[in-house]
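Please work from the sequences and hints to get the whole structure.
If you read the sequences in order, they're chains A and B.
Mapping of the first sequence onto this note's numbering: position 599 corresponds to residue 599, and the numbering continues sequentially without gaps.
Just add 634 to the spot in the second sequence (first one is 1) and you have this note's numbering.
It cannot be assumed that every hint is accurate.
To give an idea of the interface, some chain B residues facing chain A are shown, with a C-beta separation under 7 Å as derived from the structure [claimed, not checked]:
#: 1; residue: A646
#: 2; residue: T650
#: 3; residue: S657
#: 4; residue: L672
#: 5; residue: I691
#: 6; residue: N692
#: 7; residue: F762
#: 8; residue: F764
#: 9; residue: R765
#: 10; residue: V795
#: 11; residue: T798
Reference listing, derived: stretches of chain A covered by chain B, where coverage requires no fewer than 3 residues with Cβ under 8 Å from a Cβ of chain B [claimed, not checked]:
#: 12; segment: 241–248
#: 13; segment: 556–569
Among chain A residues calculated to face chain B with C-beta under 10 Å, some are [said to hold, decoys possible]:
#: 14; residue: R22
#: 15; residue: L59
#: 16; residue: V60
#: 17; residue: L63
#: 18; residue: I66
#: 19; residue: L120
#: 20; residue: T190
#: 21; residue: A221
#: 22; residue: P223
#: 23; residue: L234
#: 24; residue: R425
#: 25; residue: I534
#: 26; residue: Q551
#: 27; residue: P573
#: 28; residue: Q574
No lab work stands behind these hints: they were computed from the structure.
This one's a predicted model, so the numbers in the text were calculated from it and none came from an experiment.
The beta carbon of each residue, even a glycine, is placed where N, CA and C say it ideally should be.
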Amino acid sequence: MKTQAIYDQNPEATDLLSRTWRSPPGFFGWFTHVNQSRIGYRFIVTSVIFFALAGVLALVMRLQLISPENTLLGADFYNQLFTMHGTTMMFFFAVPAMEGLGIYLVPLMIGTRDMSFPRLNAFGYYVYLIAGISLYVALFMGMAPAAGWFSYVPLANIAFSPGKGMDLWTTMITFIEISALAAAVELIVTILKQRAPGMTLNRMPLFVWSILVMSFMILFAMPTVMAGSVLLALDRAFDMQFFVAAGGGDALLWQHLFWFFGHPEVYIIMVPALGIVSTVITTFTQKPVFGYTALVLSLVATGFVSFGLWVHHMFTTGLPHLGLSFFTAASAMIAIPSGIQIFCWIASLWGARIRFATPMLFVLGFFAIFVIGGLTGVMVASIPFDSQVHDSYFVVAHFHYVLIGGAVFPFFAGLYYWYPKMTGRLMSERLGRWSFALIFAGTNLTFFPMHQLGLQGMPRRVYTYLSDMGWGELNFAITIAAFILAIGFLLTLINAVVSRTRGVAAGNNPWQAETLEWATTSPPQNYNFRHLPIVHSRTPLWDEPDSSHRQVVAGLRADRRELLITTLLEAKPQSVLIMPHPSVWPFLLALAVGFGFLGFMFQPLLFVAGFALSFFMIVGWLWPRKPWLDTGET
Amino acid sequence: MCPAETTRLNFAVDATHFSRFHSGSDAPIWWGIIGLILIEMSVVAAFVISYFYLVMINPSWPPIGHPASELLWPTASVVILLMSCVTMYLASKAINRDRITAFVTHTSISVVLACAVLVIRWQQFQTFDFRWDEHVYGSLVWTISGFHFLHVVSAAIGTAVVATLGALKFFNSKQRIAIVVDTMYWNFVGLAWIPFYLVLYIVPRLT
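Pasting the structure below:
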């Protein structure tokens, strides 16, 4: 039968497959793309742009602090800058960047053609884009939120932050979490149901494990901040009393709701980073990672324990001491799974012939920076110490070490490592090494002195200070160092742009890695794999070096988007899923939802209008096809 | 790809005759809806926990001068929503046997029951003797009520669409995953009223 177009070796079938999975070209076509590699790529590029924007904000802040009583910025604009810097880095860079890597790589690593819900994927991206653009438009109009990235009440209440900036923050946080939750759900489902035949859970690449753990954490952490920010929005819009003491509300309720999300958030960012570290170490030592099971269990344990730590952000709020002690213990406990992982990695590196390419350098940088951040973490987990340094530059130093060490270094390692897969070209090693050296030196020079400033009493979030305080010299040095750090980041950015056209052609597997994403072309075709692979071990590419003898799946049709569903634990072939076509509905839905949320800030009734509009978009999106039985199918 | 290379491919799994239809946990969308329900349950939990937190820090609950609301109509809502879960179950049974008319009838009854609940709730809103901006008690009652109201509206509209598509013969015993997941979500919305009912109407009588 002609339409059958059996999934075989002939070149016509390949052409047909290619046409079936094609992303429509052109400007209007752009809004209909659903292929996971396109969406993942957009997530990564967009998050890097937000990273750069937030970095520029940080430099402007550093310029303000270069000398005592500097007048470059006013207090209110400075408040907007640090709020936007934190909000962007946490919500618009770190989480989407990790999710972007997950969306791009997971289907490739588990050997499938796309994510489970491609249109939801696209929707998540547009939501993210709209939220980010709205916040930055507000910043340029001078009406950005200014109550810090965790928006503590009562400062964030309508009485003390009367402008639209805070409203924008509450609505956009709710909005961006929709994007994160959508990505989390489909990453989970894709990982559980679409693994290549034979890829049992204990053969799954560690990066995929880390994305799975991250997604589950998002599932349980993000709803809390959504609920919290909705309550804050209601307080502000309708004079509700959730966080207003006079009306029986409570300011600490906000802190609980926020940090119940906020602490897992740190690990939501870090867990995928740990997955990157394991991946890079495996490849650059060319041997299976030491302690696979221990590493997986540590990731899962980190996920669980991270939900029991949130109160350590609230040690100075006057909560009962007995309760606080529990959170100190839990905070110390998280060092156990982290320690196990570090030891597994050391054991992996021990005696191996390490290839010191740029990704590996960033991983080694991660060790140094992250361990320093971890050590100060143990210090601030102790209540008496925390009471001294709370809200000081010591804490600023601590969390920048943790986040830059725990997320940015591994992300850059991942960027250098997977760039050839995504673009087909290698990034320049030379520029990469320079970039690494400057980032490593810059990070330490910028943030290490902040420990000292904190111990000397400099509070965080002050737009200026008096020269009598004696903080001038260190601040001057830090500002210079911040620019060194920025140049380091800039070099990688330049490297990424230039290598896009001038890089050395990479081939399928430039690093001789072992996981499935390297089994296909670089960049992958829209259908990812010409033949879906079958897996027999944790390191398929090392165990079956002869690509022509690989076992593959036959019988998927090429004339419509089909992929294989497998069982949850054993990954036994189960059925075939027919995937949706490119569609503009996700974009329209994102617009409708965005209209509802942004409209709510000005006129609450517009939320209802957005709700109604969304209904039509959802029906258009989900409109089912008539049964296919008449074509004689099983 | 050069033919010489591909001739040696080893087709170890042949998916030609695998089913293209899913009706349960073999379908990704089934897991997707489980994910959505988990997310919403986390939101419900966040509201309920916030409620108890605020009960704990307030000296009198409900605030003096606001007696706890009467129970008749809220309890009726619980019963009606549970009934609608039963009619949705019957609708699923009907589509499993390809009985389209019975399917449309039962889904329509479910929608009507949901609308009855909406009318009752709307009526209740009129009788609340406190505003949302007076005290956090009012804020909670209005927010939780509104949250659940919106969910019943979504479930009713969604199921009305499913009933219409059913009448247009879009579904049958093989292609019914949309109905399966709609029913799952319906059950969640129906059952979510129980914890809300308990905190809004029973807890104020106990404190």
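Status of the hints after comparison with the structure:
1. A646: 4 Å, holds
2. T650: Status holds, d = 3 Å.
3. S657: Not OK, violated: S657/B not within 7 Å of chain A, min 10 Å.
4. L672: 6 Å, holds
5. I691: Status holds, d = 5 Å.
6. N692: 5 Å, holds
7. F762: With Cβ-Cβ at 14 Å, over 7 Å, it is violated.
8. F764: 11 Å, violated
9. R765: 9 Å, violated
10. V795: 6 Å, holds
11. T798: 10 Å, violated
12. 241–248: holds (count 5)
13. 556–569: Since three or more residues must qualify, the claim that chain B covers the segment 556–569 of chain A holds, with 4 doing so at under 8 Å.
14. R22: 18 Å, violated
15. L59: 37 Å, violated
16. V60: Hint on V60/A: violated, closest Cβ of chain B at ~36 Å, above 10 Å.
17. L63: 40 Å, violated
18. I66: Since the shortest Cβ distance to chain B is 43 Å, the answer is violated.
19. L120: 8 Å, holds
20. T190: At 8 Å from the nearest chain B Cβ, T190/A passes the 10 Å test, so the hint holds.
21. A221: Holds - the Cβ of A221/A comes within 10 Å of chain B, reaching about 8 Å at its closest.
22. P223: 4 Å, holds
23. L234: 6 Å, holds
24. R425: Violated, about 21 Å.
25. I534: 5 Å, holds
26. Q551: Holds: closest Cβ of chain B sits about 4 Å from Q551/A, inside 10 Å.
27. P573: Hint holds; P573/A Cβ to chain B Cβ min 5 Å, cut 10 Å.
28. Q574: Since chain B brings a Cβ to about 6 Å from Q574/A, closer than 10 Å, the hint holds.
When held up to the earlier numbered hints, the structure conflicts with 3, 7, 8, 9, 11, 14, 15, 16, 17, 18, 24 and fits the remainder.
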